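Colleague: Based on the provided sequences and hints, a complete structural model is requested.
There are 2 protein chains.
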Amino acid sequence: MQRVGFLLKVKDDPETIARYKEHHRQVSPDMLDALHRHGWHNYSLFMRPDGLMFGYVEVADSFQASLDGMSHEDANSRWQAMMEPFFESPDGGRPDENMVEIEEVFHLD
Amino acid sequence: MQRVGFLLKVKDDPETIARYKEHHRQVSPDMLDALHRHGWHNYSLFMRPDGLMFGYVEVADSFQASLDGMSHEDANSRWQAMMEPFFESPDGGRPDENMVEIEEVFHLD
Chain A
-5 MQRVGFLLKV KDDPETIARY KEHHRQVSPD MLDALHRHGW HNYSLFMRPD
45 GLMFGYVEVA DSFQASLDGM SHEDANSRWQ AMMEPFFESP DGGRPDENMV
95 EIEEVFHLD
Chain B
-5 MQRVGFLLKV KDDPETIARY KEHHRQVSPD MLDALHRHGW HNYSLFMRPD
45 GLMFGYVEVA DSFQASLDGM SHEDANSRWQ AMMEPFFESP DGGRPDENMV
95 EIEEVFHLD
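Chains A and B supply the protein sequences, listed in that same order. Quick note: the first sequence uses my numbering, first residue -5, plus one each step. Quick note: the second sequence uses my numbering, first residue -5, plus one each step.
Just so you know, these hints were derived from the structure itself, not from any lab. As the structure is a computational prediction, the values presented were derived from the model and not from experiment. Incorrect hints may have been included.
It does not matter which identical chain is used: a pair holds within one copy or between any two.
In silico EDC-like pairs for lysine to aspartate or glutamate, Cα to Cα no more than 20 angstroms straight-line [unchecked claim]: (1) Lys5 to Asp90; (2) Lys3 to Glu95; (3) Lys15 to Asp44; (4) Lys5 to Glu97; (5) Lys15 to Glu97; (6) Lys3 to Glu97; (7) Lys15 to Asp103; (8) Lys3 to Asp44; (9) Lys15 to Glu98; (10) Lys5 to Glu98; (11) Lys15 to Asp90; (12) Lys5 to Asp85; (13) Lys5 to Glu78; (14) Lys5 to Glu91; (15) Lys3 to Asp85.
Modeller: Here is the structure:
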């Protein structure tokens, strides 16, 4: 198991943020199932009021393996296409290709 | 159990950041013991290269109860006094009084 922290940035717009949260209250069962099959566990997303997102996830093997596995899932392709307009991504592209992993500097079980 | 995400900001200075990380590789056993006694579990700190810190912790009861419990621990008072100069805190004060909790918008077990 590997713990991963990553950052993303949703556009700082009240309506965009409200719709983003609404989508995340009703993620499709096939998307959740795909995440599990590719080793995403204890996965939480947190949001600062300006749209800065922090993700915490415990992956079975490596973050890259869990991202690669999802990249071939139809449910994820549909989800990422729906999510793309919500995010600030200077170079474009799917949100799951713009997750910036950050360094763990402390851990206590 | 409650999952908590919070933010802190270490000064954006290479030497400060290096020393912060070094301190976190050798936290005193009495500080770690106090955290456990006050319900801090699966606690990780992540850092962006500019010093933005994200904390993830699973607390036994509530974040406030776990913070309040630590506030009476000598080991924590010593630790917070040592940590204070590392942080950007506009209004001064101990770092553990400046943790900004952010909203969980998604969770998958």
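Colleague: Now look at each hint and say whether the structure bears it out.
Modeller: Hint check results:
{"no.": "1", "hint": "Lys5 to Asp90", "result": "within (16 angstroms within a copy, 29 angstroms between copies)"}
{"no.": "2", "hint": "Lys3 to Glu95", "result": "both (13 angstroms within a copy, 17 angstroms between copies)"}
{"no.": "3", "hint": "Lys15 to Asp44", "result": "within (13 angstroms within a copy, 27 angstroms between copies)"}
{"no.": "4", "hint": "Lys5 to Glu97", "result": "between (24 angstroms within a copy, 16 angstroms between copies)"}
{"no.": "5", "hint": "Lys15 to Glu97", "result": "between (26 angstroms within a copy, 10 angstroms between copies)"}
{"no.": "6", "hint": "Lys3 to Glu97", "result": "both (18 angstroms within a copy, 14 angstroms between copies)"}
{"no.": "7", "hint": "Lys15 to Asp103", "result": "between (30 angstroms within a copy, 18 angstroms between copies)"}
{"no.": "8", "hint": "Lys3 to Asp44", "result": "both (9 angstroms within a copy, 16 angstroms between copies)"}
{"no.": "9", "hint": "Lys15 to Glu98", "result": "between (26 angstroms within a copy, 10 angstroms between copies)"}
{"no.": "10", "hint": "Lys5 to Glu98", "result": "between (26 angstroms within a copy, 17 angstroms between copies)"}
{"no.": "11", "hint": "Lys15 to Asp90", "result": "within (17 angstroms within a copy, 28 angstroms between copies)"}
{"no.": "12", "hint": "Lys5 to Asp85", "result": "within (15 angstroms within a copy, 28 angstroms between copies)"}
{"no.": "13", "hint": "Lys5 to Glu78", "result": "within (11 angstroms within a copy, 32 angstroms between copies)"}
{"no.": "14", "hint": "Lys5 to Glu91", "result": "within (17 angstroms within a copy, 29 angstroms between copies)"}
{"no.": "15", "hint": "Lys3 to Asp85", "result": "within (13 angstroms within a copy, 27 angstroms between copies)"}
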